[in-house]
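Peer 1: Protein sequence lines correspond, in order, to chains A and B. Going letter by letter, the first sequence gives residues 1 to 117 in the numbering used here. Going letter by letter, the second sequence gives residues 118 to 232 in the numbering used here.
Accuracy of the hints is not assured; some may be wrong.
Stated by the list, open to error - Straight-line C-alpha distance at most 30 Å; calculated DSS-like pairs for lysine-lysine:
(1) A:61 to B:131
(2) A:69 to A:58
(3) B:126 to A:49
(4) A:78 to A:61
(5) A:71 to A:58
None of these hints come from the bench; they were simulated from the model.
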Amino acid sequence: AQSVSQHNHHVILSEAASLELGCNYSYGGTVNLFWYVQYPGQHLQLLLKYFSGDPLVKGIKGFEAEFIKSKFSFNLRKPSVQWSDTAEYLCAVNAVGSSGSARQLTFGSGTQLTVLP
Amino acid sequence: NAGVTQTPKFQVLKTGQSMTLQCAQDMNHEYMSWYRQDPGMGLRLIHYSVGAGITDQGEVPNGYNVSRSTTEDFPLRLLSAAPSQTSVYFCASSYSGLGGTDTQYFGPGTRLTVL
Numbered sequence: 001a002q003s004v005s006q007h008n009h010h011v012i013l014s015e016a017a018s019l020e021l022g023c024n025y026s027y028g029g030t031v032n033l034f035w036y037v038q039y040p041g042q043h044l045q046l047l048l049k050y051f052s053g054d055p056l057v058k059g060i061k062g063f064e065a066e067f068i069k070s071k072f073s074f075n076l077r078k079p080s081v082q083w084s085d086t087a088e089y090l091c092a093v094n095a096v097g098s099s100g101s102a103r104q105l106t107f108g109s110g111t112q113l114t115v116l117p
Numbered sequence: 118n119a120g121v122t123q124t125p126k127f128q129v130l131k132t133g134q135s136m137t138l139q140c141a142q143d144m145n146h147e148y149m150s151w152y153r154q155d156p157g158m159g160l161r162l163i164h165y166s167v168g169a170g171i172t173d174q175g176e177v178p179n180g181y182n183v184s185r186s187t188t189e190d191f192p193l194r195l196l197s198a199a200p201s202q203t204s205v206y207f208c209a210s211s212y213s214g215l216g217g218t219d220t221q222y223f224g225p226g227t228r229l230t231v232l
């Protein structure tokens, strides 16, 4: 079964700082990759996703992520964060071609981002 | 569309009690799932359904039952609550019965405390 690692549990940045959140997965086959975000008091929502094609994916609110297959990584980036980006960020992976529960989304442990005004 | 709705928002149970967490979606989605979120552990899949009448176990199914009699509803039953089931529970749905290949839409969550 696949697994997802998010090594940064809590990141604190000042406004205008650049952001990079790490996401690594373990699965040797084809994957679909997702970043979800949970703003305080709101639903989990999709930030961006990668299925195929250009490995640099752009999402909402100025976020982007790059899929590097050789490194099994899908890191999330934003050049300049805002106070409103304070949220929990979750990386998720789906193993294409697997079956049963292994075909479902596997989430990382999440990264809490705090942006100081 | 209301999207994915969950009731109740908060619940406190005593050990051994049973209850049902409700989940409904009005988007005609085939796929529905239940996750639990615990600090430092992300979301873990409890049960999922790829269509009415079809359910399957996820990563952490023990102590929970589900059924899917209609496309819209996917209730999660706790048979005999234990303190280890204290968590935040999220229901999600997606259009495709393929589950993880589609964007999932999440409900607001139910915060459950078992004493």
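Peer 1: What hint numbers does the structure not satisfy?
Peer 2: The structure breaks only hint 1.
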